[in-house]
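Trainee: Modelling step: build the complete structure from the supplied sequences, incorporating the hints.
Protein chains: 2
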Amino acid sequence: MVAEIISIGDELLIGQIVNTNASFIAAELNLAGVVVKRITTIGDTRDEILSALNQASGYADIVVITGGLGPTNDDITKNTLCEYFDSHLVFDQKSFDNIFRLFGNRGIEISVTNRMQAELPHNCKALRNPLGTAPGMWFEKKGVHYFSLPGVPFEMKKMLLDEIIPELQKLGVIKPIVHKTLLTIGIGESALADRIRDWEEQLPANIKLAYLPEPGIVKLRLSSYNSETANPEKQIEAEIGKLKELIPELIFGSNKDTLQEVVGKLLKAAKSSVSTAESCTGGYIAHLITSVPGSSVYYKGSVVAYDNAVKTGSLGVAEELIIRHGAVSEEVVKAMAQGVKQVLKTDYAIATSGVAGPDGGTAEKPVGTTWVAIATPEKVFTQKFLLGDDRERNIRRAALLALNQLRKELIK
Amino acid sequence: MVAEIISIGDELLIGQIVNTNASFIAAELNLAGVVVKRITTIGDTRDEILSALNQASGYADIVVITGGLGPTNDDITKNTLCEYFDSHLVFDQKSFDNIFRLFGNRGIEISVTNRMQAELPHNCKALRNPLGTAPGMWFEKKGVHYFSLPGVPFEMKKMLLDEIIPELQKLGVIKPIVHKTLLTIGIGESALADRIRDWEEQLPANIKLAYLPEPGIVKLRLSSYNSETANPEKQIEAEIGKLKELIPELIFGSNKDTLQEVVGKLLKAAKSSVSTAESCTGGYIAHLITSVPGSSVYYKGSVVAYDNAVKTGSLGVAEELIIRHGAVSEEVVKAMAQGVKQVLKTDYAIATSGVAGPDGGTAEKPVGTTWVAIATPEKVFTQKFLLGDDRERNIRRAALLALNQLRKELIK
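Chains as they are written, first to last, in our numbering: chain A, 1 to 412; chain B, 1 to 412.
No wet-lab data here; the hints were simulated from the structure.
Note that the coordinates shown come from a computational prediction; the quantities given were computed from them, not determined experimentally.
In this text, a Cβ means the ideal position worked out from N, Cα and C, and glycines have one as well.
Possibly wrong hints are sitting among the right ones.
[To be verified] BS3-like mimics (lysine-lysine), calculated; alpha carbons at most 27 Å apart, straight line:
1. A:345 x B:345
2. A:256 x B:157
3. B:379 x B:265
4. A:208 x A:256
5. B:208 x B:219
6. B:180 x B:242
7. A:94 x A:157
8. A:412 x A:384
9. B:265 x A:37
10. B:384 x B:412
11. A:219 x B:157
12. A:379 x A:412
13. B:256 x B:271
14. B:345 x A:37
15. A:219 x B:158
16. A:158 x A:265
17. B:170 x B:158
18. B:37 x A:157
19. B:268 x B:208
20. B:256 x B:379
21. B:242 x B:271
[To be verified] Here are the simulated distance ranges between beta carbons:
22. B:20 x A:93: 30 to 36 Å
23. A:201 x B:101: 30 to 36 Å
24. B:167 x A:51: 27 to 33 Å
25. A:363 x B:364: 29 to 35 Å
26. A:205 x B:219: 48 to 54 Å
27. A:108 x B:330: 25 to 31 Å
28. B:390 x A:108: 55 to 61 Å
29. A:111 x B:318: 58 to 64 Å
30. B:142 x A:233: 35 to 41 Å
Mentor: Take a look at the structure:
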């Protein structure tokens with residue numbers, strides 16, 4: 001089964017809002033075993049709608065249209081649908097009852113425009129919209145199913161999940177495509193590709209691999225497209241098992257995991273606490289850790305030691321160390337980790353010191369030079385990273401790499 | 001001028017990522033006076049790319065393609081572009097120099113796949129990608145301009161803003177439209193609209209006003225669409241002058257300003273320093289401040305006091321205060337601001353304490369309750385905010401509102 005998503009809305013074409021509807025629908029259709037071949041975003045005009053419908057009908061089994069059904073603009077969309085499906089508008093009592101339930105029940109007068117929302121093409125099946133006044137429409141033409149849904153995200157989502165997908169499943173669209181995404185850190189996309197080439201080449205033909213890079217992280221998505229495989233989940237897990245043997249230290253999680261969640265779970269499991277002492281990351285590690293609900297169980301706090309006086313005053317770093325080695329040095333970052341661990345009384349500590357840029361680089365310590373130290377109950381260890389020259393990315397990458405150092409220690 | 005945006009990527013079609021690239025490009029083209037007629041999202045296959053190009057060439061003057069240029073998948077896209085533009089790949093030394101600058105300079109070996117990224121169709125103009133290894137491509141065919149850009153958002157954005165739009169303006173392909181955006185904080189969209197209604201109604205017909213709300217901030221964009229106005233900049237500035245008289249305290253900057261930059265400039269001008277003591281914001285204020293290059297001049301550091309023991313131990317907050325009033329209270333946030341100002345020896349200090357959620361709320365202090373304190377050289381003052389129930393948004397809004405309290409004090 002192949003689908004097309006058509007998003008109608010001028011606000012999408014001027015970039016005022018991001019098309020989250022299309023990605024939501026695409027994800028849900030995929031889970032239900034439908035391949036989305038194309039997403040088309042158009043303005044609310046007859047010609048554009050007809051052209052998109054004509055195009056989609058050429059290859060799609062399912063067409064999901066969103067938008068263009070608000071009380072002030074549904075005339076174009078609905079009249080165009082009538083034209084395309086050779087229909088005319090008729091009053092739909094059940095849809096009006098829904099509008100009455102939403103408005104009339106609360107004593108709000110139903111306007112003419114709202115009343116007109118209950119007029120639907122005579123040959124569609126009306127789809128109930130429990131959260132809004134615009135009903136959806138389901139047409140069938142030459143074996144293709146067309147759904148027209150309101151553009152308001154929470155209305156559309158409910159209708160898609162509660163009615164359309166279950167109905168499509170009843171019609172036999174039940175061959176799920178199985179996806180699993182592995183999350184890696186500590187290696188770039190092309191180095192990773194080089195390292196896992198042999199594994200990639202031996203993948204069964206029905207499994208597709210996608211590289212999804214983000215700053216500091218490369219996601220690997222495996223998708224099983226073969227409906228005849230008895231157990232696609234098991235097949236994917238088997239391939240993931242091989243990959244985990246190949247690059248065990250690089251994989252930190254799967255699907256929607258975040259590194260800060262993974263580290264948090266490890267700390268919770270170990271009944272351990274952590275603190276941070278941040279120079280170049282400037283509080284970003286603290287922010288990542290505290291963005292996880294419930295992090296106060298294992299996270300005590302941070303000393304953001306931007307100024308050297310804070311490093312000496314609040315973290316007890318010896319001034320001599322800074323004078324002798326500079327703030328961006330193995331010696332200082334080590335002392336920062338030891339200092340914050342002691343001052344905040346935690347089991348573990350993370351410290352960072354680096355040149356985030358754009359200024360402050362030298363020949364010896366160019367922009368991107370970053371030291372990370374991890375203090376454990378027994379020891380302190382350090383790692384040097386050479387990052388890039390973009391400040392924002394350096395901060396993010398340094399924070400993720402520092403968290404990853406702690407993660408690797410916690411899973412030992 | 002009419003444009004089409006073509007987004008290439010399987011991750012878009014399975015709904016794994018939201019197409020923020022398309023909305024960014026649409027917004028920027030719109031600002032430049034280009035009408036985006038259609039956005040098409042397709043998979044990374046020859047047939048889909050050719051079909052999208054054929055369709056776009058039928059009506060568009062400008063076609064912007066993103067994605068399909070990563071080191072592991074650029075062969076399909078580039079070979080298809082060669083086919084469409086009747087070209088063949090040749091090695092581009094300048095693009096290779098860029099890859100060498102990004103990798104080789106740091107002693108990282110350049111892989112074969114990375115080296116192949118420097119191979120480009122012979123009849124395109126290579127577009128430099130300062131932040132990544134994939135160069136962009138600019139083709140011209142029958143008067144239509146085609147741009148192929150990497151899908152990594154920050155790489156694409158830089159190339160679009162720094163090179164493509166200015167070049168198209170220089171060539172006269174697009175006419176500059178004058179825009180200015182004012183940034184407001186401390187008021188919601190509809191309350192702001194009510195307050196400036198009279199001003200909005202008296203705007204000249206050629207000036208369009210757009211409300212662009214974001215968490216914590218509402219942007220007001222004024223655009224002059226009439227090229228016949230002798231001096232559109234001056235006309236817009238005159239209207240802005242009136243608005244500034246109407247809501248002086250709500251406007252903190254314009255265009256691409258950020259609140260943290262504005263506060264940083266004010267601190268620099270006052271030759272003053274600041275520190276932060278963060279509980280509910282968990283280091284996010286520190287992160288915002290230190291995301292500004294050169295912030296070390298005025299920013300000394302932060303104590304992220306997530307645990308109450310850190311509030312008493314590192315900030316000198318009396319334990320009795322916490323027991324009596326709770327950590328989320330005017331008394332405690334005041335003591336935190338005073339404490340960090342003293343410990344980190346700064347002129348000003350910001351402190352936050354609140355219930356970010358989703359847990360931790362009570363009847364008296366529901367999720368969203370947030371106290372902010374500002375310590376100045378002379379005094380400490382506080383403000384209570386009742387935010388929403390979304391943790392991420394609460395953290396961001398609390399941080400911005402706290403920074404704004406300091407800003408208002410600094411401009412007194």
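Trainee: Now tell me if each hint is right for this structure.
Mentor: Hint check:
For the proposed pair residue 345 of chain A and residue 345 of chain B, the alpha carbon gap of about 23 Å is at most 27 Å, so the pair holds. For the proposed pair residue 256 of chain A and residue 157 of chain B, the alpha carbon gap of about 26 Å is at most 27 Å, so the pair holds. Restraint check for residue 379 of chain B and residue 265 of chain B: the C-alpha separation of about 22 Å stays at or below 27 Å, so the hint holds. Simply put, residue 208 of chain A and residue 256 of chain A have alpha-carbon atoms about 19 Å apart, close enough for the 27 Å limit, and the pair holds.
Restraint check for residue 208 of chain B and residue 219 of chain B: the C-alpha separation of about 14 Å stays at or below 27 Å, so the hint holds. The hinted pair formed by residue 180 of chain B and residue 242 of chain B meets the criterion: a straight-line CA distance of about 14 Å does not exceed 27 Å. As the CA atoms of residue 94 of chain A and residue 157 of chain A are separated by approximately 21 Å, the hinted pair is consistent with the 27 Å bound. At roughly 20 Å between alpha-carbon atoms, residue 412 of chain A and residue 384 of chain A fall within 27 Å of each other, so this suggested pair holds.
Taking the CA atoms of residue 265 of chain B and residue 37 of chain A, the gap is near 49 Å; set against the 27 Å cutoff, the hint is violated. Among the hinted pairs, residue 384 of chain B with residue 412 of chain B is consistent with the structure: their alpha-carbon atoms are about 20 Å apart, no more than 27 Å. Of the supplied pair hints, the one linking residue 219 of chain A and residue 157 of chain B holds, its CA atoms being roughly 22 Å apart against a limit of 27 Å. With a C-alpha separation of about 14 Å, the suggested pairing of residue 379 of chain A with residue 412 of chain A holds against the 27 Å cut-off.
Distance check on the hinted pair: residue 256 of chain B and residue 271 of chain B sit about 24 Å apart at the alpha-carbon level, within 27 Å; holds. Between the alpha carbons of residue 345 of chain B and residue 37 of chain A the distance comes to roughly 60 Å, so the proposed pair goes past 27 Å and is violated. For the given pair, residue 219 of chain A sits about 23 Å from residue 158 of chain B by alpha-carbon distance, which is consistent with the 27 Å threshold. Proximity of residue 158 of chain A to residue 265 of chain A is assessed by CA-CA distance (about 32 Å); at most 27 Å being required, the pair is judged violated.
With a C-alpha separation of about 18 Å, the suggested pairing of residue 170 of chain B with residue 158 of chain B holds against the 27 Å cut-off. Of the pairs offered as hints, the one joining residue 37 of chain B and residue 157 of chain A holds, with about 26 Å between alpha carbons and a cut-off of 27 Å not exceeded. About 35 Å separates the Cα atoms of residue 268 of chain B and residue 208 of chain B, which puts this hinted pair outside 27 Å; it is violated. With a C-alpha separation of about 32 Å, the suggested pairing of residue 256 of chain B with residue 379 of chain B is violated against the 27 Å cut-off.
In summary, the hint linking residue 242 of chain B to residue 271 of chain B is not supported, as the alpha carbons are separated by about 31 Å, beyond the 27 Å threshold. Checking the proposed 30 to 36 Å range against residue 20 of chain B and residue 93 of chain A shows it is violated: the Cβ atoms sit about 42 Å from each other. Checked against the hint of 30 to 36 Å, the pair residue 201 of chain A and residue 101 of chain B passes, with Cβ atoms roughly 31 Å apart. Checked against the hint of 27 to 33 Å, the C-beta distance between residue 167 of chain B and residue 51 of chain A comes to roughly 31 Å, which is consistent with it.
In this structure, residue 363 of chain A and residue 364 of chain B break the distance hint of 29 to 35 Å, their C-beta atoms being roughly 59 Å apart. Here the CB-CB span from residue 205 of chain A to residue 219 of chain B is close to 50 Å, well matched to the stated 48 to 54 Å. Residue 108 of chain A and residue 330 of chain B have their C-beta atoms about 41 Å apart, which leaves the hinted 25 to 31 Å range violated. For the pair residue 390 of chain B and residue 108 of chain A, the supplied restraint of 55 to 61 Å is violated, since their beta-carbon distance comes to about 28 Å.
Between residue 111 of chain A and residue 318 of chain B the beta carbon distance is about 60 Å. The supplied range of 58 to 64 Å therefore holds. Range check, residue 142 of chain B to residue 233 of chain A: Cβ separation about 50 Å, and the 35 to 41 Å hint is violated.
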